[in-house]
Amino acid sequence: MLLSMLVLLILNPSELLSEMLSASTDALELCIELCAIYAVWLGFMELVDASGLGEKLARLLRPLIKKIFKVEDKTTQKLIAMNISANMLGLGNASTPMGIRAMQALDDGSGKANFAMIMLIVVNATSIQLLPTTVIGLRTAAGSTSASNIILPTLISTFVTTFLGIVLVKLISKVRRKR
Amino acid sequence: MIDIYILPILFILIFVYCLFKKINTYDTFVKGAKGAIKLVVEIFPYIATILIATTLLRVSGITTFLTQILSPIFTALGIPPELVELVLLRPFTGSGSYGILENIFKVYGADSYISRCACVIMGCSETIFYVATVYISQTKVKKLLYAIPVALVCSLVGTIVACLLCKIM
Numbered sequence: 001m002l003l004s005m006l007v008l009l010i011l012n013p014s015e016l017l018s019e020m021l022s023a024s025t026d027a028l029e030l031c032i033e034l035c036a037i038y039a040v041w042l043g044f045m046e047l048v049d050a051s052g053l054g055e056k057l058a059r060l061l062r063p064l065i066k067k068i069f070k071v072e073d074k075t076t077q078k079l080i081a082m083n084i085s086a087n088m089l090g091l092g093n094a095s096t097p098m099g100i101r102a103m104q105a106l107d108d109g110s111g112k113a114n115f116a117m118i119m120l121i122v123v124n125a126t127s128i129q130l131l132p133t134t135v136i137g138l139r140t141a142a143g144s145t146s147a148s149n150i151i152l153p154t155l156i157s158t159f160v161t162t163f164l165g166i167v168l169v170k171l172i173s174k175v176r177r178k179r
Numbered sequence: 001m002i003d004i005y006i007l008p009i010l011f012i013l014i015f016v017y018c019l020f021k022k023i024n025t026y027d028t029f030v031k032g033a034k035g036a037i038k039l040v041v042e043i044f045p046y047i048a049t050i051l052i053a054t055t056l057l058r059v060s061g062i063t064t065f066l067t068q069i070l071s072p073i074f075t076a077l078g079i080p081p082e083l084v085e086l087v088l089l090r091p092f093t094g095s096g097s098y099g100i101l102e103n104i105f106k107v108y109g110a111d112s113y114i115s116r117c118a119c120v121i122m123g124c125s126e127t128i129f130y131v132a133t134v135y136i137s138q139t140k141v142k143k144l145l146y147a148i149p150v151a152l153v154c155s156l157v158g159t160i161v162a163c164l165l166c167k168i169m
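Chains A and B, in that order, are what the protein sequence lines are. Taking my numbering, the leading residue of the first sequence gets 1, the next gets one more, and so forth. Taking my numbering, the leading residue of the second sequence gets 1, the next gets one more, and so forth.
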C-alpha cells in the first residue's frame, strides 16, 4: 500500500486522496448490498437451523468434516457444514456469515491461526462451487452460443485446487508439528 | 437452463418444510436477518481497507508493471499472456475481476479459447485476500501463518490446469 502511494505521489499526486475516497465509497456501497444479501440469507439459514435441517446436513457431512478439519465440537461442525454447502451451491455471499461464525467458534484466543482455521480459509479461498452460475450468466449475456461448456473443466479444476489445498495444509501442519 | 430454478425451489422447500415442522417462519426469519446489520458494520472497515489497497495498486500502475514482468513466466506455464491481469487481480477483488472478465468477452469474443480459460479460472479461484481478511476480522487472530501462500499456490496450479483443460476439452 505504501509503495503504491509513493508511486502515485510521483506520477499523479492529485489522484491519491480521491482514489482512496472512491474506493472507500465502493466499500460502503458493497457493504449496503451485502447487508441486504446477508439479511435474506441469515434469515434463510435461521430457518434451516430451526427446522433441524442444519443438524441433518451436519450429520451428513460430519465424517468428512471430522477427517478434514479435526473438529469435535457439534456446533462448530454444523457451522462448517453450512458454510461448505452454501459454497458448493455457489452462494458465496451466504457462506460468508457462516464462515465468520465458524472462525469465531474455532478461535482459541492465542492470536495465531490454528489448524482448523487455516483449513477453513484455504477451503474457502480455493472455491468449491459446483455450478458457476454467475460466470455462465455473464457469458450468456456476452453472446456465447454454448455458455455451459465451461462447467466440466471448472468442476475438474476447482476439485484439483481444493484437494491440493487440503493436502498441502495437512502436510505443512505435520511438518511443523514435528519440528 | 435448470439453474435459474435451483434457488427459488430451495427457498420454497425450506418454507414448506418449516410449515410442516410447525415453526413460526416469520419470527425465525426476523431473528436471523437481525444479525445482518451488525455483521456488516463489523466487517466494513476491513472491506474498505482491502478495497483501498487494491485500488491504489491498480491506479499507481504497479499491476500493469507486474503484468509486463510476469507475462513471459505465465506463457512458460501455459497461461495465455492475455489473462495475466485477470490472474493477478483475481485474489484481490471480486467485482474487479468480473469487470476484467467482461472486457475479455468483449475483446476476444465469448466463445474464444481465451474467454473459456478466463471463465474456468474465475470458477476455480476465489478472492483470497478478501476471504482471509473478512474471515479473521471477528477473531483475535493476527497471524495467518501459511494459509495465504497455500491458497495462492493452489490457485496458480488451478489456473494452469484450467488453461490445459480448455485446450483439450
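Rather than coming from a laboratory, the hints here were simulated on the basis of the structure. Yeah, the Cβ is synthetic: ideal placement off N, Cα and C, and Gly gets one too. Some hints here could point you the wrong way.
Said to hold, decoys possible - Here are some chain A residues the structure puts well away from chain B; computed CB gaps all over 10 Å: (1) Leu42; (2) Ala58; (3) Leu61; (4) Arg62; (5) Lys70; (6) Glu72; (7) Lys74; (8) Gly111; (9) Lys112; (10) Arg139; (11) Leu168; (12) Lys174; (13) Arg177; (14) Lys178; (15) Arg179.
To be verified - Derived list of chain B stretches under chain A, where covered just means 3 residues or more per stretch with a C-beta under 8 Å from a C-beta of chain A: (16) 21-30; (17) 135-146.
Legend entry - Non-interface claim for lysine 174 of chain A, where every Cβ of chain B lies beyond 10 Å: Its Cβ never comes within 10 Å of chain B, the nearest being 12 Å, so this holds.
Legend entry - Proximity test - 8 Å, beta-carbon atoms, the segment 135-146 of chain B to chain A, at least three hits: With 12 residues in contact (Cβ-Cβ under 8 Å with chain A), the coverage given for the segment 135-146 of chain B holds.
Legend entry - Verdict on chain A covering the segment 21-30 of chain B, where coverage means 3 or more residues with a C-beta closer than 8 Å: holds (count 6)
Legend entry - Beyond 10 Å from each Cβ of chain B, as asserted for lysine 178 of chain A: Non-interface label on lysine 178 of chain A holds, nearest chain B Cβ at 15 Å vs cutoff 10 Å.
Inset, instruction - Verify that the Cβ of glutamate 72 of chain A lies farther than 10 Å from every Cβ atom of chain B, and report whether the claim holds or is violated. - result: Given that every Cβ of chain B is farther than 10 Å from that of glutamate 72 of chain A, nearest at about 19 Å, it holds.
Legend entry - Consistency of the no-contact label for glycine 111 of chain A, given chain B and a CB cut of 10 Å: 5 Å, violated
Legend entry - Non-interface label on lysine 70 of chain A, tested against every C-beta of chain B at 10 Å: 16 Å, holds
Legend entry - Beyond 10 Å from each Cβ of chain B, as asserted for arginine 62 of chain A: 21 Å, holds
Inset, instruction - Would you assess whether arginine 177 of chain A, listed as outside the interface, keeps its beta-carbon beyond 10 Å of every beta-carbon in chain B? - result: For arginine 177 of chain A, whose nearest Cβ neighbour in chain B is about 13 Å away, the distance exceeds 10 Å, so it holds.
Legend entry - Assertion that arginine 179 of chain A lies farther than 10 Å from chain B (Cβ): Non-interface label stands for arginine 179 of chain A: nearest chain B Cβ at 13 Å, farther than 10 Å.
Inset, instruction - Test the statement that lysine 112 of chain A is away from the interface with chain B: the closest C-beta pair must be farther apart than 10 Å. - result: 5 Å, violated
Legend entry - 10 Å Cβ clearance of leucine 61 of chain A from chain B: Consistent with the label, leucine 61 of chain A stays out of reach of chain B, its closest Cβ about 17 Å off (over 10 Å).
Violated hints, in rising order: 1, 8, 9, 10 and 11; the structure is consistent with all others.
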